[in-house]
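*Asks:* Chains E and F supply the protein sequences, listed in that same order.
Positions 7 to 319 (the numbering used here) are the ones given, in order, by the first sequence.
Positions 2 to 657 (the numbering used here) are the ones given, in order, by the second sequence.
Be aware that one or more of the hints could be misleading.
[Said to hold, decoys possible] Below, a list of computed lysine to any residue pairs in the SDA-like style, where the Cα atoms sit at most 25 Å apart: (1) F:Lys156 with F:His462; (2) E:Lys59 with F:Gly529; (3) E:Lys289 with F:Ala567; (4) F:Lys601 with F:Thr566; (5) F:Lys584 with F:Leu605; (6) F:Lys584 with F:Arg608; (7) F:Lys543 with E:Gln60; (8) F:Lys543 with E:Ala54.
No lab work stands behind these hints: they were computed from the structure.
The structure presented is a predicted model; accordingly, all values stated were derived computationally and were not measured.
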Amino acid sequence: MNPVSLTAIQTIVVLGLAPFAVGCVRLFKARLQGRRGASPFLSYVAFATLLRKQMVMPEDASWVFRLTPFVVLASALFLVLVLPLTTVGGALAAYGDLFVVAGVLVIGAVFLVMGGLDAASAFGGMGASREMTVTSLLEPTVILTFATFALASGSTGIDGMLASGLSVFRAPYLFPTIAALGLVALAENARYPVDNPATHLELTMVHEAMILEYSGPYLAMLEFASAIKLTAFALLIGNFLVPATLAEPGASLTMVMAAVAAAALKLVAAMAALALLESVIAKMRFYRMQEYLTGAFLTALGGLALALIQRAV
Amino acid sequence: MNPDFLISGIFLCLAGTCAAAIISMIARGKARRRFAMLTLAAATAIGAATGAAAVVFRPEFQAAPALFGMRIALDPLAAVFFALLNAIACAVSIYAIAYVDGHADAYDVRRLDALTAVFMLGMQGVVLAAAPLAFLACWEIMSIASFFLVMADRKPESLRAALFYLIMTHLGAGAILAGFMLLSGGFMHAGFGWMAAYAQGLPDATLLLAFALFLFGFGSKAGLWPFHVWLPEAHPQAPSHISALMSGVMLKMALYGFLRVLLGILPPLPASWALPIVALGLLSAVFGALYAVVERDLKRLLAYSSIENIGLIFTMVGAALYARGAGLPVLADAALAAAVLHAVAHAIFKSGLFMGAGAIVGQLHTRDLEAMGGLAKRMPRFSGAMLVLALGAAALPPSAAFMSEWVFLQHVLAAVRTASPFTQGVLVAILSSVAFVGGLAVFAMIKMFGIAFLGRPRGAHAAQAQEPSIGLSAPVFAMAGLTLVVGLGAPALLAVTGFFGVTDGRRLVAGGGALSPFSLAAVFAAVGAAAFMARRLSSDAKHERAYHAWDCGQPTDASMEYTATAFSAPARFFFRLLLRSRKDVQASPIAATNPWIARKTSVLEIRQVWYELMYAPIVRAALFVSTQARRLHSGVIQFYIAMILAALIAALVISL
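Let the sequences and hints guide you as you build the complete structure.
*Replies:* And the structure:
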């Protein structure tokens, strides 16, 4: 198959699986907590419902409030197009440079922040301030984590890192880096211990507080964007652990189908792990976030040091 | 291209700037001052075109006609800065027409306009000078003109800031003078080329001393930590178009001087000498960004952001120098390219932001972010331009600053693979610090935009704000456009300026990968269009109503919004060891039955740690010495004559 159709398949698969991933983690969490939980396919219905609802726009909001859902969704779609999620060597893989990916992640985050501030409610501002703090202080960890993979693989494109067949099991010195990537993924996707995605109390919210004033189709777009981001990060970590299942240009239809099936399996496994994690640990107090962020940074730095030592010997 | 053409362009530019200074000094009335400013704009536009032509065609002319014993030259490095300086100056001249008209009661308009032109003339001279004496003369014209401009509104705080600036800039100028003396053997008319040959034979100790003097001299002008304390005082105090010139362009003159000395005069230096530049650059970047995050004054925030960006640029220069000494020529070229590109990017977005801040402050009558808000709704077009500039200052793709950081970090990463262990440590420190600063810069810029433009107005003036007049907003739009153009055209720009190692003309190229800014932007735009189409097709675009935000059942007002102080509270808390901010909350109970019902006053003090740590002791010592010296003032004339005699004898003893 050619790169264009591989990228198209990856986009369709990830966009299709994203609501399922969110439903999955809710179901697993419910089961772990002794509840029956809703079907993982309920989130598709929720999105369809939101798209039909009337939107309520805050009176003080400006054009930035309206622009936000589009930019946030576009940044998530961009990640799906350029990252190696079910396939390496996709048509747009050349734009999946680590600095570009980090920059696009920040673009999505800052527009959410501005959307939160624009509604002129204290809750939105609170979430915006917290999200801005986490995003900005996470930046060095993101760069160092991907820089380590770049050093180990010789490519600064995330696609190239996976295409080089780099696997944690063949290069165990990358374990701290994978751990750092996990910490980055939890913070970027507003999961425990950074944020509680299921909270109903505005004062403890980060992500939810920023999108509090969004409703209807705009809310659907923002929720879909965060579902896509969660799926992309889960698959990315899964691929760094087991890169062998990725489809390559020239692969037959069966191999591509196998790659898609493997991606679905990785996604379910990652969501199960996330649900387990969220059931056994508590959310951290926000003013202790510097411990988490420093820990993540030191883990990434340690991973980089290990990779440098590995190259030297 | 015929060099004579360029020389006449340079002379037209200089003559036009001079003429504008004279016209604005004698012109009375709005129409004539408009004519003076248009003359200035035309002269600088010619200068920008000449500089751009010199960059593109690289004519062979070193020593052009003499002017008062000064020689004028425009080599590729100077040409880049000449074009940049004049382009920004042109936009500022246009902006000045409407801006100064709106503030005619606060300033002495004729003097302000004339000094603006002289200030630009001084900077043009700095770039054109090919000998230390001419360089220093123009440097002084630039410094003294800007000193008077800082105190243009004659307020006590402006006067204080201006005097502080004057002291710092003259300490710097003294250091530069001493450095030139050392390198030229006292022969100040010699050209830079002659000095380079002379400096080859100087002992290492002399070179090190000269290097340290230049680092202090140019570093203090550029606002490098710890010589930066004057910058956040002086830049915001000046009229906004002068702030734009000082932050956007004058800092680049210090960078130009430093590059001129490092690359053109000093012999290749050992790698270890570059480490102080890297360290000071990174410290400036970190502290500039941190203070920008917690600052509440719009123009001071922008001034701190200038310190941050200058810190990044000096880090790049230091890294280039280090790489040259450590045997990494690819990184050396790339870091220099990144430094020049970042200087261009910063000049554009910072002058745009300062001009935009001037337009806002003119309407709101305050620089305090806590009195702003809701401007995006009241000035939608203008806020769009400011958003582009703010995102450009946050170095997000596809802005120009992102491209320079991309070039720099990509090559740092590529160099880490092959370097020696110590160099690897240095490069990793640079990589993580620049990423850290990048995150904080995003924080500061989003805070600025979010608090000033979004939400509900926090003051009466903000509630009545309107779209600024075309004279004020057109230069800001131009700068916002340029930020994107330079970002998308970064490969072409770098190729034209001669940095062929980092670009193939269409893409930016590094060891680990390549990036085409234009296609990147196209992909992102296409994805955005897809999101827009999907929303249109899947839902009804008109199905909405306006209602107030969630208020927990009680009406809310602007005082319940998040403020700039609150927005940066987590950062202030996390970095409290570095910032040493002090918060004092006093509660006086209102109801005797319930201690929780209390009237609270909160005072938050963000201290100038570096001023208190490094400058306050010097001030105290100087005051102490002068108090002691006052005891000699006895009023007895015989005693004074005896003192003069003693001084004369001492001088003779020392000199013989």
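*Asks:* The structure should be examined with respect to each hint, and the outcome stated for every one.
*Replies:* Now the hints, each set against the structure:
1. The straight-line distance between the Cα atoms of F:Lys156 and F:His462 is roughly 22 Å, inside the 25 Å bound, and the hint therefore holds.
2. For the suggested pair E:Lys59 and F:Gly529, the alpha carbons sit about 23 Å apart, so the restraint of at most 25 Å is met.
3. Using a Cα cut-off of 25 Å, the hinted pair E:Lys289 and F:Ala567 holds, with the two alpha carbons roughly 22 Å apart.
4. Between the alpha carbons of F:Lys601 and F:Thr566 the distance comes to roughly 16 Å, so the proposed pair stays at or under 25 Å and holds.
5. Straight-line distance between C-alpha atoms of F:Lys584 and F:Leu605 comes to about 4 Å, which keeps the hinted pair within the 25 Å bound.
6. With a C-alpha separation of about 11 Å, the suggested pair F:Lys584 and F:Arg608 falls inside the 25 Å cut-off, and the hint holds.
7. A C-alpha spacing of about 9 Å is found between F:Lys543 and E:Gln60, which places the hinted pair at or below 25 Å, so the restraint holds.
8. The straight-line distance between the Cα atoms of F:Lys543 and E:Ala54 is roughly 17 Å, inside the 25 Å bound, and the hint therefore holds.
Violated hints are absent here; each numbered hint is respected by the structure.
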